[in-house]
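Q: Whole structure, please, built from the sequences with the hints as guidance.
2 protein chains.
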Amino acid sequence: MAHCTTLSSENDFLQLIHKHFPNSHERMLIGRGDDCAQLRGQDSIVMTTDIFLENVHFRRSYFSPADIGHKALAVNISDIAGMGCRPTGFSLGLIVPDEHSGSFMQAAEWDEFFQAMSALAAEHNLPLTGGDLSLGPCLGISITIWGEPGESGRVLTRQSCSPGDVLFVCGDLGLPRAGLLALEELGPEARKLYPGAVNAHLRPLPRIADGLQLAEIPGVHGAMDISDGLARDLPRFIGPACGADLNISAGEIPKDVRTYTQDNGLNPLHFTLLGGEDYALLGAASPDALDALKTHLPHHTVIGTVTATTALSLNGEPLDLTGFDHFATHE
Amino acid sequence: MAHCTTLSSENDFLQLIHKHFPNSHERMLIGRGDDCAQLRGQDSIVMTTDIFLENVHFRRSYFSPADIGHKALAVNISDIAGMGCRPTGFSLGLIVPDEHSGSFMQAAEWDEFFQAMSALAAEHNLPLTGGDLSLGPCLGISITIWGEPGESGRVLTRQSCSPGDVLFVCGDLGLPRAGLLALEELGPEARKLYPGAVNAHLRPLPRIADGLQLAEIPGVHGAMDISDGLARDLPRFIGPACGADLNISAGEIPKDVRTYTQDNGLNPLHFTLLGGEDYALLGAASPDALDALKTHLPHHTVIGTVTATTALSLNGEPLDLTGFDHFATHE
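Protein chains in written order, with this note's numbering: chain E, 1 to 331; chain B, 1 to 331.
Everything labelled a hint here was simulated from the structure, so no lab data went into it. Here a beta-carbon is modelled for each residue, glycine too, at the ideal position from N, C-alpha and C. You may find that some hints are simply not true.
Unchecked claim - Which residues of chain B face chain E? A few of them, derived with a C-beta cut under 10 Å, are: (1) Gly33; (2) Gln42; (3) Ile45; (4) Phe52; (5) Asn55; (6) Cys85; (7) Leu133; (8) Gly136; (9) Pro137; (10) Ile143; (11) Ile145; (12) Trp146; (13) Ser152; (14) Arg236; (15) Leu269; (16) His270.
Unchecked claim - Where chain B lies over chain E, by a calculated footprint (3+ residues, C-beta under 8 Å): (17) 131 to 144; (18) 149 to 160; (19) 194 to 208.
What the hints assert, rightly or not - On the chain B side, residues computed to face chain E include the following (Cβ under 7 Å): (20) Ser91; (21) Thr144; (22) Leu181.
A: Encoded structure:
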């Protein structure tokens, strides 16, 4: 490997993957290299799949190979966090850009890619159990990840809140979107102006510890990870039968969002609601769980309450979310 | 949906998926629509991922949408068969060609695609537990599938055979390769000349029942699914410490392979060894298990024996497999 600058065969890739990802783990009875891996059973399994595709979810012009390797896994882990669970393993489908595509990656770049992915996997004690490689027209990563509930055995779902519940968030809203837009406009230079926003977009940190804590608090009635922005994800979370009164003060908006929206003449509050790729956790809890929340998750932010009507309000004004559906065309 | 000829949003896709794939199943505690699905636990889990990509694994010019939907899932199920296990669920990562790509699919084509995939899923009682959609430059399917051992609890692996073991195959070797080459040369017309070969390439049938039967026979020492051809997969199966004496008579070569190789001046035996995408099961058993094999899997074909040296022979002649590595460049 040391003398190669390009990976010329499936075997080169497998060697590089073996270098970065241990092929033994207490949860793997049979590791990579057979038709399937065999894993120890779990009482129950939560499972999800995310695709992370060049020029759709990331651009090579401002994502380093390490950023890509990290974020591809991070967004999957975040879905496990949204269930209040702990990830226990993942598999990797990799579309490798061929030499004729503009996206070809050198061996050293692949090394960085796998290094960053394996560092995040190690942080969560996740075995890579297998996967598949295919040449293709662009770089693409399809990860399936699974996990299990924590101590309480509880799984936190959407649409399990009730009128009167307090809505809260763990994590920053709008920050990754400011990073995305700044990177699209300015390229890597954006980091100088909006370091927190750029870092939040390139290197999201899944909130597994927060999710597990939430699942241990009986008064917490549900959670999800906000991946499409609060405006789009809130209705999915509260469900069609409820509404919400949101209260978000300007002081709760992250600094880089304030700066970015000011620099660009945008409404900071609407920008925060719009968000996208926040990977913050949205939760609902009965008011009597607030003390436990303050004790165990002091960094949470209360953003409103669930109401019995289907109406939405923001800081006392009616809120119409239809204008916020920025995903009708894919961005 | 009835009035749409194109699927214009993620929601259109989700509706179509819900139409074809039930969202309740005895194994699903939480179905599609949350951050994760939740599945009932299993004593142990076998798991694998396969990518199925346009112009790498299939061409739209001779694969119908239904063929693609079927085969994408079939090749994954086959990996579970190779472990002697039963599939219990799958997730789907789908790269959807955008309107500007030459691969754009109409709503009716997506309907056929999902119809065929759901028919195969139903045949194996498999819930689709979730997945992800992304626009992209070509059609791509990344499936992760999992399963569990059958009655005996046994899982059949590679490299678990011993010298003296009988090598056998369930399924036809070389037939899908004849179909692939004929389709590449002749397009859909190939079906008239080589119907069995074309069908084997477009619509492989995973051999779950065979694999489960094999796992119940104690003298069967291992199995794998032959996806890259016998020449490439045999060394992976017997491992570096053993060799094999193969005996394959011309009479055992499928009719369409004989016709195709005769039409094209090719060596039918070498063509059969080369194969590719056979999705036959390769197994090893102690000689005293042959009676049980004959009883429970009468359609198996004995192809040789495992030897204590690392040498290989075919019908009494030394066999050098290095010339068979047709995958150094991806085809």
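Q: Look at each hint and say if it fits the structure.
A: A quick look at each hint next to the structure:
The closest approach between the C-beta of glycine 33(B) and any C-beta of chain E is roughly 8 Å, which is under the 10 Å cut-off, so the hint is satisfied. Annotation: interface hint on glutamine 42(B) holds; nearest CB of chain E at approximately 5 Å, less than 10 Å. A distance limit of 10 Å between C-beta atoms decides the matter here; for isoleucine 45(B) the minimum to chain E is near 4 Å, and the interface restraint holds. With 10 Å as the threshold, the beta carbon of phenylalanine 52(B) comes within range of chain E, its nearest partner Cβ sitting at about 8 Å, so the hint holds.
Here the hint on asparagine 55(B) is kept, as its CB sits about 8 Å from the closest CB of chain E, short of 10 Å. With a cut of 10 Å, the hint placing cysteine 85(B) at the interface with chain E holds, because the nearest CB-to-CB distance is about 7 Å. Interface restraint check for leucine 133(B): the shortest CB-CB distance to chain E comes to about 8 Å, inside 10 Å, so the restraint holds. For the restraint placing glycine 136(B) at the interface with chain E, the shortest Cβ-Cβ distance is roughly 5 Å, inside the 10 Å limit, so the hint holds.
Residue-level restraint check for proline 137(B) holds (minimum Cβ-Cβ distance to chain E is 5 Å; threshold 10 Å). Interface restraint check: isoleucine 143(B) against chain E, minimum CB-CB distance 8 Å, threshold 10 Å, status holds. Using the Cβ-Cβ criterion of 10 Å, the hint placing isoleucine 145(B) at the interface with chain E is satisfied: the shortest such distance is roughly 8 Å. Nearest Cβ of chain E to the Cβ of tryptophan 146(B): about 8 Å, under the 10 Å cut. The hint holds.
Residue-level restraint check for serine 152(B) is violated (minimum Cβ-Cβ distance to chain E is 14 Å; threshold 10 Å). Among the interface hints, the one on arginine 236(B) holds; its C-beta lies about 9 Å from the nearest C-beta in chain E, closer than the 10 Å criterion. Because the closest C-beta pair between leucine 269(B) and chain E is about 26 Å apart, greater than 10 Å, the hint is violated. Interface hint status for histidine 270(B): violated, as the beta-carbon distance to the closest one in chain E is roughly 22 Å, over 10 Å.
Closer than 8 Å: that is the beta-carbon criterion, and the region 131 to 144 of chain E has 11 residues meeting it against chain B, so the requirement of 3 holds. Given a C-beta distance limit of less than 8 Å, the hint that chain B covers the region 149 to 160 of chain E holds, as 3 residues qualify and 3 suffice. Beta-carbon proximity to chain B at under 8 Å applies to 0 residues in the region 194 to 208 of chain E; the threshold of 3 is not reached and the given coverage is violated. Here the hint on serine 91(B) is kept, as its CB sits about 4 Å from the closest CB of chain E, short of 7 Å.
Annotation: interface hint on threonine 144(B) holds; nearest CB of chain E at approximately 4 Å, less than 7 Å. Interface hint status for leucine 181(B): violated, as the beta-carbon distance to the closest one in chain E is roughly 20 Å, over 7 Å.
The structure fails hints 13, 15, 16, 19 and 22 (numbered hints given earlier, in ascending order).
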